[in-house]
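Novice: Sequence:
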Amino acid sequence: MTAAPTPTPANRSRVPKTVWDLIFTLVIPIMILSPNILGSGISVAEQVFGGGTTGNVRAYLLAALIPVAYVLWDLLVNRNVSPVALIGGAGAIFSGALAFWYVDGFWYAIKDSARSYLVGLLFLISAATSVPLFRVFLDATSIGESPEHRAATQTAMRDPIVKRGLVQGTVVFAVVDLIGGVVNSVVNYQRVTAKFGTDDFNAQIAAVNAVMRVPGLVISLVGVAGAVWLLNRAVTARYGAGASLFEPGKLAERLRERGETPA
33 MTAAPTPTPA
43 NRSRVPKTVW
53 DLIFTLVIPI
63 MILSPNILGS
73 GISVAEQVFG
83 GGTTGNVRAY
93 LLAALIPVAY
103 VLWDLLVNRN
113 VSPVALIGGA
123 GAIFSGALAF
133 WYVDGFWYAI
143 KDSARSYLVG
153 LLFLISAATS
163 VPLFRVFLDA
173 TSIGESPEHR
183 AATQTAMRDP
193 IVKRGLVQGT
203 VVFAVVDLIG
213 GVVNSVVNYQ
223 RVTAKFGTDD
233 FNAQIAAVNA
243 VMRVPGLVIS
253 LVGVAGAVWL
263 LNRAVTARYG
273 AGASLFEPGK
283 LAERLRERGE
293 TPA
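Heads up, the sequence shown is in the working numbering, so the first residue is 33 and it goes up one at a time.
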(Lines of atoms letter the chains of each structure in order from A and count residues from 1; the text may use other names and numbers.)
(Lines give C-alpha, C1' and ligand atoms only; values in the text may rest on other atoms or scores of the structure.)
Protein backbone atom coordinates (compact mmCIF):
# COMPACT_ATOMS: atom_id res chain seq x y z
CA MET A 1 0.00 0.00 0.00
CA THR A 2 1.63 3.25 -1.13
CA ALA A 3 1.50 6.39 0.92
CA ALA A 4 -0.74 9.14 -0.34
CA PRO A 5 1.20 12.05 -1.83
CA THR A 6 1.71 14.96 0.49
CA PRO A 7 -0.58 17.77 -0.65
CA THR A 8 1.27 20.89 -1.68
CA PRO A 9 0.02 24.15 -0.24
CA ALA A 10 -1.94 26.29 -2.63
CA ASN A 11 -0.06 29.16 -4.16
CA ARG A 12 -0.54 32.30 -2.19
CA SER A 13 -2.46 34.90 -4.04
CA ARG A 14 -0.39 37.80 -5.20
CA VAL A 15 -0.50 40.98 -3.16
CA PRO A 16 -2.85 43.43 -4.92
CA LYS A 17 -1.11 46.35 -6.58
CA THR A 18 -3.17 48.80 -4.54
CA VAL A 19 -1.52 47.42 -1.40
CA TRP A 20 1.95 47.96 -2.84
CA ASP A 21 0.89 51.47 -3.89
CA LEU A 22 -0.20 52.20 -0.33
CA ILE A 23 3.03 50.80 1.15
CA PHE A 24 5.42 52.70 -1.10
CA THR A 25 3.53 55.98 -1.44
CA LEU A 26 2.19 56.36 2.11
CA VAL A 27 3.37 53.89 4.77
CA ILE A 28 7.11 53.91 4.06
CA PRO A 29 7.34 57.71 3.59
CA ILE A 30 5.46 58.29 6.87
CA MET A 31 7.79 55.91 8.72
CA ILE A 32 10.86 57.67 7.27
CA LEU A 33 9.55 61.08 8.33
CA SER A 34 8.46 60.01 11.81
CA PRO A 35 10.85 61.02 14.62
CA ASN A 36 9.59 58.06 16.66
CA ILE A 37 8.51 55.15 14.44
CA LEU A 38 5.54 53.39 16.07
CA GLY A 39 6.73 54.51 19.50
CA SER A 40 9.96 52.53 19.15
CA GLY A 41 12.24 55.50 19.66
CA ILE A 42 13.76 54.87 16.23
CA SER A 43 14.17 57.78 13.84
CA VAL A 44 15.55 57.44 10.31
CA ALA A 45 16.76 61.04 10.44
CA GLU A 46 18.63 60.33 13.70
CA GLN A 47 19.83 56.72 13.43
CA VAL A 48 20.49 56.59 9.66
CA PHE A 49 21.40 60.15 8.70
CA GLY A 50 22.96 61.46 11.91
CA GLY A 51 20.21 63.79 13.10
CA GLY A 52 20.11 67.55 13.09
CA THR A 53 19.10 69.66 10.11
CA THR A 54 21.15 67.56 7.69
CA GLY A 55 19.60 64.32 8.90
CA ASN A 56 16.07 65.73 8.71
CA VAL A 57 16.60 67.09 5.18
CA ARG A 58 17.98 63.76 3.98
CA ALA A 59 15.08 61.89 5.55
CA TYR A 60 12.65 64.34 3.92
CA LEU A 61 14.24 63.79 0.50
CA LEU A 62 14.24 60.01 0.90
CA ALA A 63 10.55 60.03 1.87
CA ALA A 64 9.72 62.25 -1.10
CA LEU A 65 11.73 60.27 -3.66
CA ILE A 66 10.72 56.71 -2.73
CA PRO A 67 7.18 57.14 -4.20
CA VAL A 68 8.75 58.65 -7.33
CA ALA A 69 11.16 55.73 -7.72
CA TYR A 70 8.31 53.26 -7.15
CA VAL A 71 6.12 54.82 -9.85
CA LEU A 72 8.98 54.90 -12.37
CA TRP A 73 10.05 51.35 -11.50
CA ASP A 74 6.50 50.11 -11.99
CA LEU A 75 6.33 51.95 -15.31
CA LEU A 76 9.56 50.41 -16.59
CA VAL A 77 8.96 46.87 -15.31
CA ASN A 78 5.47 46.66 -16.78
CA ARG A 79 6.63 48.46 -19.93
CA ASN A 80 3.43 50.43 -19.82
CA VAL A 81 3.62 53.20 -22.40
CA SER A 82 -0.06 54.10 -22.38
CA PRO A 83 -0.86 57.82 -22.18
CA VAL A 84 -2.26 57.38 -18.65
CA ALA A 85 0.92 55.68 -17.43
CA LEU A 86 3.10 58.29 -19.10
CA ILE A 87 1.11 61.11 -17.48
CA GLY A 88 1.57 59.37 -14.12
CA GLY A 89 5.29 59.01 -14.74
CA ALA A 90 5.63 62.66 -15.73
CA GLY A 91 3.74 63.66 -12.58
CA ALA A 92 6.09 61.53 -10.48
CA ILE A 93 9.14 63.20 -12.01
CA PHE A 94 7.57 66.62 -11.40
CA SER A 95 6.97 65.75 -7.75
CA GLY A 96 10.53 64.46 -7.41
CA ALA A 97 11.95 67.68 -8.79
CA LEU A 98 9.86 69.75 -6.36
CA ALA A 99 11.31 67.80 -3.43
CA PHE A 100 14.50 69.83 -3.87
CA TRP A 101 12.61 73.09 -3.41
CA TYR A 102 13.29 73.64 0.29
CA VAL A 103 10.44 75.76 1.60
CA ASP A 104 8.04 75.82 4.53
CA GLY A 105 4.87 77.67 5.51
CA PHE A 106 2.76 79.07 2.65
CA TRP A 107 5.08 77.95 -0.14
CA TYR A 108 5.26 74.41 1.18
CA ALA A 109 1.46 74.31 1.19
CA ILE A 110 1.48 75.38 -2.46
CA LYS A 111 4.28 72.95 -3.35
CA ASP A 112 2.50 69.96 -1.81
CA SER A 113 -0.51 70.59 -4.07
CA ALA A 114 1.45 71.63 -7.17
CA ARG A 115 0.81 68.32 -8.90
CA SER A 116 -2.96 68.74 -8.52
CA TYR A 117 -2.76 72.31 -9.78
CA LEU A 118 -0.71 71.25 -12.80
CA VAL A 119 -3.03 68.35 -13.71
CA GLY A 120 -6.10 70.55 -13.28
CA LEU A 121 -4.69 73.27 -15.53
CA LEU A 122 -3.61 70.77 -18.20
CA PHE A 123 -7.10 69.25 -18.25
CA LEU A 124 -8.71 72.68 -18.48
CA ILE A 125 -6.47 73.66 -21.39
CA SER A 126 -7.10 70.34 -23.16
CA ALA A 127 -10.86 70.95 -22.98
CA ALA A 128 -10.36 73.70 -25.56
CA THR A 129 -8.48 71.37 -27.93
CA SER A 130 -9.58 68.55 -30.21
CA VAL A 131 -8.48 65.93 -27.65
CA PRO A 132 -9.90 66.55 -24.14
CA LEU A 133 -7.63 64.69 -21.72
CA PHE A 134 -10.49 62.75 -20.12
CA ARG A 135 -10.70 60.91 -23.43
CA VAL A 136 -7.15 59.66 -22.85
CA PHE A 137 -8.35 57.77 -19.78
CA LEU A 138 -11.28 56.31 -21.68
CA ASP A 139 -8.99 55.20 -24.49
CA ALA A 140 -6.83 53.40 -21.93
CA THR A 141 -9.81 51.51 -20.50
CA SER A 142 -10.78 50.24 -23.97
CA ILE A 143 -7.37 48.79 -24.88
CA GLY A 144 -8.38 45.26 -23.87
CA GLU A 145 -11.65 45.29 -25.81
CA SER A 146 -12.28 43.37 -29.03
CA PRO A 147 -11.60 45.27 -32.28
CA GLU A 148 -15.35 45.62 -32.91
CA HIS A 149 -16.09 46.97 -29.46
CA ARG A 150 -13.11 49.33 -29.49
CA ALA A 151 -14.20 50.61 -32.91
CA ALA A 152 -17.69 51.27 -31.52
CA THR A 153 -16.23 53.22 -28.60
CA GLN A 154 -14.01 55.30 -30.87
CA THR A 155 -16.88 56.01 -33.28
CA ALA A 156 -19.11 57.19 -30.44
CA MET A 157 -16.43 59.48 -29.00
CA ARG A 158 -16.08 61.22 -32.37
CA ASP A 159 -19.78 62.12 -32.37
CA PRO A 160 -20.27 65.88 -31.70
CA ILE A 161 -22.79 65.32 -28.89
CA VAL A 162 -20.60 62.77 -27.12
CA LYS A 163 -17.52 64.91 -27.65
CA ARG A 164 -19.34 67.79 -25.95
CA GLY A 165 -19.90 65.46 -23.01
CA LEU A 166 -16.19 64.62 -23.03
CA VAL A 167 -15.33 68.31 -22.91
CA GLN A 168 -17.74 68.91 -20.02
CA GLY A 169 -16.41 65.87 -18.17
CA THR A 170 -12.84 67.05 -18.65
CA VAL A 171 -13.71 70.48 -17.24
CA VAL A 172 -15.48 68.96 -14.22
CA PHE A 173 -12.55 66.63 -13.55
CA ALA A 174 -10.14 69.59 -13.78
CA VAL A 175 -12.16 71.85 -11.50
CA VAL A 176 -12.57 69.15 -8.85
CA ASP A 177 -8.82 68.39 -9.01
CA LEU A 178 -8.06 72.09 -8.51
CA ILE A 179 -10.48 72.20 -5.57
CA GLY A 180 -8.72 69.16 -4.10
CA GLY A 181 -5.41 70.99 -4.44
CA VAL A 182 -6.79 74.03 -2.62
CA VAL A 183 -8.15 71.88 0.20
CA ASN A 184 -4.81 70.11 0.55
CA SER A 185 -2.96 73.45 0.56
CA VAL A 186 -5.22 74.85 3.27
CA VAL A 187 -4.73 71.79 5.48
CA ASN A 188 -0.96 71.89 4.99
CA TYR A 189 -0.82 75.62 5.70
CA GLN A 190 -2.72 75.13 8.95
CA ARG A 191 -0.87 72.04 10.18
CA VAL A 192 2.68 72.24 8.80
CA THR A 193 3.89 75.24 10.77
CA ALA A 194 7.42 74.20 11.79
CA LYS A 195 10.61 75.30 10.05
CA PHE A 196 12.00 73.22 7.21
CA GLY A 197 14.71 70.79 8.31
CA THR A 198 13.41 70.26 11.86
CA ASP A 199 12.03 67.13 13.53
CA ASP A 200 8.67 68.84 13.92
CA PHE A 201 8.49 69.75 10.23
CA ASN A 202 8.96 66.14 9.13
CA ALA A 203 6.54 64.89 11.78
CA GLN A 204 3.88 67.39 10.71
CA ILE A 205 4.26 66.37 7.06
CA ALA A 206 3.85 62.71 8.03
CA ALA A 207 0.69 63.52 9.99
CA VAL A 208 -0.87 65.56 7.16
CA ASN A 209 -0.06 62.87 4.60
CA ALA A 210 -1.86 60.31 6.74
CA VAL A 211 -4.84 62.60 7.37
CA MET A 212 -5.30 63.72 3.76
CA ARG A 213 -4.94 60.38 1.94
CA VAL A 214 -8.62 59.34 2.24
CA PRO A 215 -10.16 62.83 1.71
CA GLY A 216 -7.85 63.35 -1.28
CA LEU A 217 -8.95 60.03 -2.77
CA VAL A 218 -12.61 60.86 -2.17
CA ILE A 219 -12.25 64.24 -3.91
CA SER A 220 -10.57 62.58 -6.91
CA LEU A 221 -13.35 59.99 -7.13
CA VAL A 222 -15.96 62.75 -7.06
CA GLY A 223 -14.25 64.34 -10.05
CA VAL A 224 -14.16 61.06 -11.96
CA ALA A 225 -17.79 60.27 -11.06
CA GLY A 226 -18.96 63.71 -12.23
CA ALA A 227 -17.08 63.39 -15.51
CA VAL A 228 -18.45 59.88 -16.13
CA TRP A 229 -22.01 61.01 -15.36
CA LEU A 230 -21.80 63.87 -17.89
CA LEU A 231 -20.32 61.54 -20.50
CA ASN A 232 -22.96 58.86 -19.99
CA ARG A 233 -25.67 61.52 -20.19
CA ALA A 234 -24.31 62.61 -23.58
CA VAL A 235 -24.09 59.02 -24.86
CA THR A 236 -27.66 58.34 -23.71
CA ALA A 237 -28.89 61.52 -25.40
CA ARG A 238 -27.23 60.45 -28.65
CA TYR A 239 -27.85 56.69 -28.71
CA GLY A 240 -30.79 56.15 -26.37
CA ALA A 241 -31.37 54.72 -22.90
CA GLY A 242 -29.00 51.94 -21.91
CA ALA A 243 -26.20 53.01 -24.24
CA SER A 244 -22.85 53.49 -22.51
CA LEU A 245 -19.19 53.72 -23.44
CA PHE A 246 -18.55 51.29 -20.61
CA GLU A 247 -20.76 48.63 -22.23
CA PRO A 248 -19.26 48.50 -25.73
CA GLY A 249 -21.29 45.45 -26.75
CA LYS A 250 -24.58 47.30 -26.35
CA LEU A 251 -23.07 50.40 -27.90
CA ALA A 252 -21.95 48.47 -31.00
CA GLU A 253 -25.47 47.06 -31.31
CA ARG A 254 -26.99 50.56 -31.15
CA LEU A 255 -24.58 51.75 -33.83
CA ARG A 256 -25.59 48.88 -36.13
CA GLU A 257 -29.27 49.60 -35.53
CA ARG A 258 -28.67 53.20 -36.61
CA GLY A 259 -26.66 52.15 -39.62
CA GLU A 260 -23.49 53.69 -38.21
CA THR A 261 -20.80 51.11 -38.88
CA PRO A 262 -18.05 51.32 -36.23
CA ALA A 263 -14.76 52.39 -37.80
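Simulated from the structure, these hints should not be mistaken for laboratory data.
No experiment lies behind these values; they were computed from the predicted model shown.
Hints are supplied without guarantee of correctness; some may be wrong.
As the list claims (entries may be wrong) - Restraint-style ranges between C-beta atoms, simulated for each label pair: (1) 215 / 173: 49 to 55 angstroms; (2) 163 / 292: 45 to 51 angstroms; (3) 190 / 222: 54 to 60 angstroms; (4) 227 / 173: 25 to 31 angstroms; (5) 247 / 138: 16 to 22 angstroms; (6) 68 / 163: 47 to 53 angstroms; (7) 177 / 129: 51 to 57 angstroms; (8) 246 / 173: 23 to 29 angstroms.
Heads up, the beta-carbon is just placed ideally off N, CA and C, and yes, glycines get one too.
Novice: If a hint holds in the structure, say so; if it does not, say that too.
Specialist: Going through the hints against the structure:
At about 27 angstroms, the CB distance of residue 215 to residue 173 disagrees with the hint of 49 to 55 angstroms. Hint check: residue 163 to residue 292, Cβ distance near 21 angstroms, so the stated range 45 to 51 angstroms is violated. Separation of residue 190 from residue 222 is about 46 angstroms and departs from the stated range, judged on CB atoms against 54 to 60 angstroms. Distance hint for residue 227 and residue 173: a CB-CB separation of about 45 angstroms, inconsistent with the stated range 25 to 31 angstroms.
In this structure the hint that residue 247 and residue 138 lie 16 to 22 angstroms apart at CB holds, the actual value being about 21 angstroms. For the pair residue 68 and residue 163, the supplied restraint of 47 to 53 angstroms holds, since their beta-carbon distance comes to about 49 angstroms. Look at residue 177 against residue 129: about 36 angstroms separates their beta carbons, and that is not inside 51 to 57 angstroms. For the pair residue 246 and residue 173, the supplied restraint of 23 to 29 angstroms holds, since their beta-carbon distance comes to about 24 angstroms.
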